[in-house]
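**Q** Going down the list, the sequences are from chains C and D.
Just so we're aligned: the first sequence equals residues 31 to 539 in this note's numbering.
Just so we're aligned: the second sequence equals residues 31 to 539 in this note's numbering.
Source of the hints: derived by calculation from the structure; they are not laboratory data.
It cannot be assumed that every hint is accurate.
Identical copies carry no separate label here, and so any pair may be met within one copy or between two of them.
Unchecked claim - Keeping only pairs whose Cα atoms sit at most 27 Å apart, straight-line, the calculated BS3-like set for lysine-lysine is: (1) K473 <-> K40; (2) K43 <-> K448; (3) K443 <-> K40; (4) K448 <-> K503.
There are 2 protein chains.
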Amino acid sequence: MFESANLDHKIAKTVYQREEPKLREALLHAQYDLKEDGRFPVLILIAGVEGAGKGETVNLLNEWMDPRHILTHAFPDPSDEERERPPLWRYWRALPPKGRIGIFFGAWHTAPVVQRVRGETGEAEFADQLNEILRFEKMLCDEGVLLLKYWLHLSKPQQKARLKQLERDPRTAWRATDLEWRYFDLYNKFVRVSEPFLRKTSTGEAPWIVVPGADAHYRSLTVGRHILAALRERLDEKPVPRLPDRNPPLLPPEDQLNVLRALTLDQPTTRDEYRELLETWQGRLNLLSRDPRFRKRSVVAVFEGNDAAGKGGAIRRVTQALDARFYHNVSVAAPSEEERAQPYLWRFWRHIPRRGRFVIFDRSWYGRVLVERIEGYCAEPDWMRAYGEINDFEQQLARNGVIVVKFWLAIGKDEQIKRFEEREKVAFKRFKITDEDWRNREKWDDYERAVCDMVDRTSTADAPWTLVEANNKYHARIKVLETLVHRIEAALGPEKGKAKGKGKRAKRA
Amino acid sequence: MFESANLDHKIAKTVYQREEPKLREALLHAQYDLKEDGRFPVLILIAGVEGAGKGETVNLLNEWMDPRHILTHAFPDPSDEERERPPLWRYWRALPPKGRIGIFFGAWHTAPVVQRVRGETGEAEFADQLNEILRFEKMLCDEGVLLLKYWLHLSKPQQKARLKQLERDPRTAWRATDLEWRYFDLYNKFVRVSEPFLRKTSTGEAPWIVVPGADAHYRSLTVGRHILAALRERLDEKPVPRLPDRNPPLLPPEDQLNVLRALTLDQPTTRDEYRELLETWQGRLNLLSRDPRFRKRSVVAVFEGNDAAGKGGAIRRVTQALDARFYHNVSVAAPSEEERAQPYLWRFWRHIPRRGRFVIFDRSWYGRVLVERIEGYCAEPDWMRAYGEINDFEQQLARNGVIVVKFWLAIGKDEQIKRFEEREKVAFKRFKITDEDWRNREKWDDYERAVCDMVDRTSTADAPWTLVEANNKYHARIKVLETLVHRIEAALGPEKGKAKGKGKRAKRA
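Construct the complete structure from the given sequences, taking the supplied hints into account.
**A** Put into structure tokens, the structure is as follows:
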């Protein structure tokens with residue numbers, strides 16, 4: 031990967047002085063065209079060896095273009111806010127929206143490479159991280175991000191010369207610290223790790239561009255002209271290139287039997303039983319939420335279900351048991367303008383809780399494979415890839431200690447019409463029923479099919495779906511509470527000195 | 031993944047008898063349309079739990095369609111031919127060509143899943159295998175293969191019932207052996223391994239379709255109708271969906287300096303020096319080829335270079351040192367009709383040697399990123415992805431003990447014209463010069479650029495490029511021999527009782 035970059039590339043000062051103003055102007059134009067065009071964001075990663083001019087490049091790009099429309103982020107040691115979330119969270123929240131340029135000075139590759147060089151991670155863990163990066167970058171590209179990755183390189187003699195030079199000049203001596211010299215000692219190891227890393231994370235859509243870093247003029251022209259060419263290519267291309275539809279179809283079951291129809295929607299729980307059970311389970315949930323062991327965990331609860339299935343009521347029975355400082359409700363409707371300018375998972379990543387907290391989603395990222403699929407808001411290749419992307423997302427949460435609990439509240443078609451009509455009659459409930467609900471009802475079968483595909487493709491050991499029979503609201507609310515309690519208990523493990531298994535686990539999808 | 035499949039799906043016999051003839055006819059039609067259409071191959075994988083009807087399904091598909099145009103393969107324990115090649119070799123050689131249907135009864139997923147269930151592989155190795163599968167399947171899809179993956183499932187009670195039933199009937203008792211019962215004991219473990227496996231290898235383009243296997247009618251209709259729907263969708267869609275062009279451009283270096291221009295093409299080796307060196311290095315190569323340690327290794331040597339750079343002459347100096355029974359020359363020209371009907375790497379996989387052998391490629395898979403790129407025989411997204419695919423291919427070779435040695439023979443533009451003119455003058459050399467050579471020469475700069483991108487993107491620790499200064503043929507031939515010897519020596523390791531390092535290693539790209 032470094033064959034060309036190891037050569038002594040140079041651009042004469044006179045050439046640079048002649049070319050730089052032209053490049054600068056063209057870049058500024060492209061930046062404004064991008065802003066106007068607004069169809070895609072640009073994300074520039076600046077990475078590479080120490081002393082190869084990464085910082086200078088980031089600064090230069092901000093000088094050349096209008097810095098008000100560039101989102102530049104460096105990622106030093108994570109903050110406590112960041113440490114309490116999955117590693118990718120900090121990058122998600124820094125993503126540039128459509129029409130803008132983001133510059134990441136170091137990014138998701140930094141920690142894996144550095145840890146591997148230091149021997150803190152093994153070959154297997156490294157391969158796993160690399161894989162996660164590949165899937166993440168593929169998702170970004172599929173979402174339309176123009177991802178430009180620059181790896182600034184120095185040969186070993188060049189790195190040495192660079193550090194010596196910095197040392198000699200009192201104005202720059204502070205930049206050649208012991209840390210830099212320690213990196214130099216690791217040079218060979220660094221190259222041995224980063225070579226296969228670059229190779230395996232170079233794809234057709236997001237190849238690493240290795241840039242020789244020793245000569246500032248050469249480096250600057252190379253990065254600048256590549257950004258310009260990539261921007262122009264994408265801007266001048268109408269329409270935006272989309273994923274081809276190469277997906278085999280998903281068909282409904284041949285015998286009409288599915289996980290929803292297999293449910294007994296009417297359950298016998300009475301009001302009196304409900305009151306007693308409610309107290310029991312809310313009490314247990316409250317205790318768990320204050321358990322010291324929970325301070326290292328968090329809960330992401332997802333509520334999906336038919337219209338009028340009672341999601342709101344079930345959620346209230348959960349939050350009643352929680353301290354208001356420690357939970358947050360997220361009601362998901364159509365995305366805002368800001369959210370539409372980002373990859374679709376962005377609006378959910380922003381709400382991922384810190385440790386010790388609950389976040390409750392009333393509708394969620396599953397809209398992608400439900401309403402967006404059914405209404406044609408996204409194309410088939412896009413919702414087909416979403417199953418895998420959602421599984422990746424939830425796996426990242428689960429790996430980071432988040433307990434992911436997902437409910438589908440199911441009611442029958444008759445029960446729904448009863449509830450719709452009741453809502454239309456009762457004045458204070460009328461706001462709950464809209465034309466859209468009636469339209470959705472006409473697509474009952476499409477939704478049923480989409481829900482079954484969703485359960486089959488996203489119910490995982492880490493993040494299983496719980497199907498809740500919800501014709502009887504009492505039953506539904508208790509099953510939700512009980513499931514939550516059992517999932518949290520299972521995640522916390524047995525209390526010290528106590529035996530395992532506090533009760534029968536709620537049946538899951 | 032198994033939520034729906036765990037339900038007791040059934041199709042009544044009368045329904046099946048009514049539907050089956052219609053389905054059969056439609057499948058047969060689709061098969062013939064596919065043959066006529068000839069734009070893409072179909073590869074059907076039949077996998078899943080023991081007793082779920084995999085064999086029956088394979089047989090049925092062969093009954094329903096015209097078996098003369100179906101390539102059915104099972105993959106029992108590998109033959110010695112297969113064991114001596116990388117694991118994917120056996121699947122490559124069984125791939126169906128365009129216009130045909132291939133059915134694989136078990137495939138590349140079988141061994142990883144089974145080994146993981148048996149605890150023979152760890153989590154990390156499993157993740158690595160899974161990753162290799164993902165990359166392989168993505169390549170197949172990008173090459174236009176319609177990949178249909180069926181996972182036949184039984185719930186635990188269903189599997190038990192099925193085995194009992196087989197046992198009771200003397201005609202089928204042979205199918206419920208101890209082996210099957212041992213699989214049953216592992217049922218839970220099998221599901222725990224296969225669930226995340228299916229999830230992570232399900233992509234939008236090649237999702238696993240989980241098929242409930244207990245009821246033969248249900249299972250057969252499900253698989254048959256899905257194949258039909260997938261075939262029809264792709265057949266009725268013109269043109270074939272292609273990868274979008276979302277690649278940022280690759281630009282030449284800003285200062286015109288590159289790895290080729292950095293070479294000193296004229297080297298001083300004299301005829302007398304050459305004769306002596308030739309004897310020395312051919313002798314060492316011959317000894318190595320007969321070294322007992324070489325019986326577990328093999329060599330794949332790739333010769334690329336400018337037209338008239340002397341590839342043929344260099345190759346002859348190599349083969350002169352080898353026993354004709356143990357090497358094979360592959361001269362790569364335009365692909366045959368059979369080869370064009372396959373993914374582009376197929377025609378090279380066929381020539382991968384057994385252990386203890388040499389295969390020498392005069393031109394190679396690098397045509398994809400050289401002539402095919404330059405002449406526009408393949409689109410930019412296709413040659414851009416090829417760098418990664420080629421690296422994957424060579425990594426598989428290297429992991430399996432193959433020593434991959436790649437030479438670029440470089441001559442100058444002046445030297446080339448001299449040789450062209452000489453060839454035109456000498457009668458017995460005239461066959462070596464064609465109009466194409468002259469046309470290629472006009473694209474000298476394009477080739478130079480493509481070669482540099484190739485070296486930067488495919489020179490790896492396992493499979494480095496060696497750039498050979500070839501204006502002086504003597505030098506070139508000796509460098510080739512010397513490099514080969516050093517690479518083989520390094521791979522075999524120090525001989526017992528001897529010290530390391532037999533001489534200076536040839537300088538590599």
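**Q** Now tell me, hint by hint, if it's right for this structure.
**A** For each hint, the structure was consulted:
no. : hint          : in the structure
1   : K473 <-> K40  : between (64 Å within a copy, 26 Å between copies)
2   : K43 <-> K448  : neither (79 Å within a copy, 38 Å between copies)
3   : K443 <-> K40  : between (73 Å within a copy, 24 Å between copies)
4   : K448 <-> K503 : within (14 Å within a copy, 90 Å between copies)
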